[in-house]
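Asks: Residue 124 in this note's numbering is what sits at position 124 of the sequence shown, and the numbering runs on without skipping anything.
Calculated from the structure, these hints are not laboratory results.
By construction, the Cβ of each residue, glycine as well, lies at the ideal position given by its N, Cα and C atoms.
Hints are not guaranteed to be accurate.
[As the list claims (entries may be wrong)] Subject to a maximum C-alpha distance of 25 Å in a straight line, what follows is the list of computed DMTMM-like cross-link-like pairs (lysine to aspartate or glutamate):
| hint | residue 1 | residue 2 |
| --- | --- | --- |
| 1 | LYS106 | GLU55 |
| 2 | LYS106 | ASP9 |
| 3 | LYS136 | ASP9 |
| 4 | LYS113 | ASP47 |
| 5 | LYS106 | ASP38 |
| 6 | LYS113 | ASP102 |
[Unchecked claim] Pair by pair, the computed Cβ-Cβ distance ranges are:
| hint | residue 1 | residue 2 | range |
| --- | --- | --- | --- |
| 7 | ARG2 | GLN129 | 15 to 25 Å |
| 8 | GLU55 | ALA96 | 15 to 25 Å |
| 9 | LEU114 | GLU55 | 19 to 29 Å |
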Amino acid sequence: MRPATILYDAECPFCRWSAGMLLAWDRAGRLAPLALQDPAAAQLLSDLSHERRMETWHLITAAGNRHSGGAAFAPLFDLLPGASPLARLAARFPRAAGRLYDVVSKRRDKVVKLVPAQLQRFATREIQQRAAVLGKSGLIDPGTAAREASRDPAENVP
Numbered sequence: 001m002r003p004a005t006i007l008y009d010a011e012c013p014f015c016r017w018s019a020g021m022l023l024a025w026d027r028a029g030r031l032a033p034l035a036l037q038d039p040a041a042a043q044l045l046s047d048l049s050h051e052r053r054m055e056t057w058h059l060i061t062a063a064g065n066r067h068s069g070g071a072a073f074a075p076l077f078d079l080l081p082g083a084s085p086l087a088r089l090a091a092r093f094p095r096a097a098g099r100l101y102d103v104v105s106k107r108r109d110k111v112v113k114l115v116p117a118q119l120q121r122f123a124t125r126e127i128q129q130r131a132a133v134l135g136k137s138g139l140i141d142p143g144t145a146a147r148e149a150s151r152d153p154a155e156n157v158p
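Modelling step: build the complete structure from the supplied sequences, incorporating the hints.
Replies: See the structure below:
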């Protein structure tokens, strides 16, 4: 089965940390990382301007449905082990999920300062490892996998 794709801002330490931690949670391999800066992301989100692509994170399900920002929480949590209560909560209260996303995203520079550098590097390694596995299995473009794997785990980490 083709994994769902998490599109995240690779230049944002908080975004990279969040994506990596979600991949660590996803022990079944249902998620594939893709940096918004990657040319493959521009293809997947071709109906959006560059500015619209970069203003939030996106989830593209295996069925090809796109969800962005807070609206992506319910389908994301449906894919993660033990997260079905969170999925139901996000689906039941979509406006609250959107507001929560907005509050955190506007303060992500402050929030990521609370995350130890070691944990930020761990998250980047999770992205690299998942991309390498998916690239070798042919589930994602090998060029995309190579670009993800080449990112420095210490990049943008204090």
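Asks: Each hint should be assessed against the structure and marked as holding or not.
Replies: Hint by hint, here is what the structure shows:
1. LYS106 <-> GLU55: 11 Å, holds
2. LYS106 <-> ASP9: Distance of about 14 Å is within 25 Å: holds.
3. LYS136 <-> ASP9: Judged against 25 Å, a Cα distance of about 23 Å means the pair holds.
4. LYS113 <-> ASP47: Cα-Cα ~34 Å, so violated.
5. LYS106 <-> ASP38: 23 Å, holds
6. LYS113 <-> ASP102: It holds: about 18 Å lies between the C-alpha atoms, which stays within 25 Å.
7. ARG2 <-> GLN129: 15 to 25 Å: 19 Å, holds
8. GLU55 <-> ALA96: 15 to 25 Å: For GLU55 and ALA96 the Cβ distance comes to about 20 Å; the hint holds.
9. LEU114 <-> GLU55: 19 to 29 Å: 23 Å, holds
Checked against the numbered hints given earlier, this structure breaks only hint 4.
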